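For the protein sequence lines, the chains are A and B, in the order given. One point on numbering: in our numbering, the residue at position 104 of the first sequence is 104, and numbering is uninterrupted. One point on numbering: in our numbering, the residue at position 71 of the second sequence is 71, and numbering is uninterrupted.
Since the hints were made in silico from the structure, they are not lab data. A portion of the hints provided could be inaccurate.
Now the in silico label distances, taken between C-beta atoms and shown as ranges [claimed, not checked]: (1) A:Gly20 x B:Asp46: 55 to 61 Å; (2) A:Thr80 x B:Ala73: 44 to 50 Å; (3) A:His197 x B:Ala214: 38 to 44 Å; (4) A:Leu199 x B:Ile206: 54 to 60 Å.
From a predicted model like this one, the values you see are computed outputs, not experimental measurements. Note that beta-carbon positions come from the ideal geometry of N, C-alpha and C, so glycine has one too.
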Amino acid sequence: MDPVAKDQVVRLRAAVSLLGRFPALAGVDLDVERGEVVLVRGPNGAGKTTLLRACAGLVPVVSGEATVLGCDLTQAADRTAVRRRVGLLGHTTGLYEDLTVTDNVRFWARACGATRAESDAALAALGLDGRLAGVVVAKLSAGQRRRTSIAALVARRSELWLLDEPHAGLDQAGRDVVDRLIRSAAAAGATVIVASHELDRAGAIADRTVTLAGGTVVVQPTSSVLASTSPHMRTDRRQNEGDGETEVLRVP
Amino acid sequence: MFRDAALVAGKDLRIEWRSHVTTNQVAPFAVLVLILFAFALDPDRDVLQRATAGLFWIAILFSAVLAVQRAFALEAADGNRDALRLSGLSPAGIFLGKAGAIALELAALEVLLGIGVAVLYNTTWSGWLLLITTSVVATIGLAAAGSLYGVLAAGLRVRETLLPLLFLPVVAPVLLGATRAFEAALDQSPADGWSWVTLLTTFAVIYVAFGVLAFGSLLEES
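Just chain A, same shape as in the assembly:
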């Protein structure tokens, strides 16, 4: 196994993950460095969601090499260890229907060791600190639930954000908020991997794009190539540095 570079957050070499007997990841090679925003694209069934779940330690990597935040994902103990350092926004909300927006975000924040102030800041960042704060999740629209899930994710202050279709179900304002949060998170030192079909929007905030098909990476440009093709990203990060939102998202 090659040594993992200090700033390398994700390093996959011929990584294989199974869903039942089906190899949802069939030999993935991927490198992601600290502070990068990477868009993972590909058709349905390409393995995007499994890739994110594997990086979160929820799906075992059964062969190949897989290191995330220094944890070896082929080992059960390391998979458990990496979970508390990543934040995963999946297709599901991960919310309790009978709790209020505030209760949900505070519970998940406290579960991850975050303070009440940090969860309140996350609620404010998603615009959930007003009349929605005391509403039970069962009475929210799909978009409002998505915002609440994102607030719970933000409150974790994760080192690695794994976002599966983060714009799904959101209105234009919500999508803009998500884009801003992703940029701010990266500026604050977090690494972000976004799986999305919304290539224009997600591609605009990504440093580079990785294409999956059939459980393998078919296109993976290097950071240096992409740096020249998405200069707006670097500019946006500099603009965000030092603002209040970046402070909310700063990785401890």
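Please arrange chain B on chain A, whose structure you already have, making use of the hints.
Just chain B, lined up with the frame of chain A:
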């Protein structure tokens, strides 16, 4: 671990407080069981009074199935189980929190059913120390065993029907021990009941210890 347990228990109790499932569904169900037994056995009041302890604990057992199903249905909904696994909460803490919340709900039900039995069956409670000790250890055992089998069944599509099949045979010793101990208390011969409390305590200790050790694996595999 205990901080995590308090966090999970607080969350579960807050959900019950807001949803009123325990007060509006589980408690009426338990009282209904008592009433149905009273209808069935009313012509022979003597039989009803002699069977009080067993009927009380059967009602508690059925209610425990509902409480456990409810507690783990919360985690099966909308990705909450994955969120729990990602949360960094210790599995032992999650187990103790879930079991603690279930135990508190069952304890409240036992108080309610105790009043119900006194009213419906004309039972005069006596031997309070034995009654309370029996209730505490039996409730802990039921909650611990329920949490273990609850998480085991939680990931399955047939969990609603599978849980009673797994859970009820396993807690037969609790039904037996608690019933015998209550009978001894009601007969005002508590000395006969304490040996059953020992059985109940052993059951509770085994299931709490097993849950603390095994809950993480069961959460992963379910």
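How the hints compare with the structure:
no., hint, verdict
1, A:Gly20 x B:Asp46: 55 to 61 Å, "holds (59 Å)"
2, A:Thr80 x B:Ala73: 44 to 50 Å, "violated (25 Å)"
3, A:His197 x B:Ala214: 38 to 44 Å, "holds (41 Å)"
4, A:Leu199 x B:Ile206: 54 to 60 Å, "holds (56 Å)"
The structure fails to meet hint 2 from the earlier list, while all remaining hints are met.
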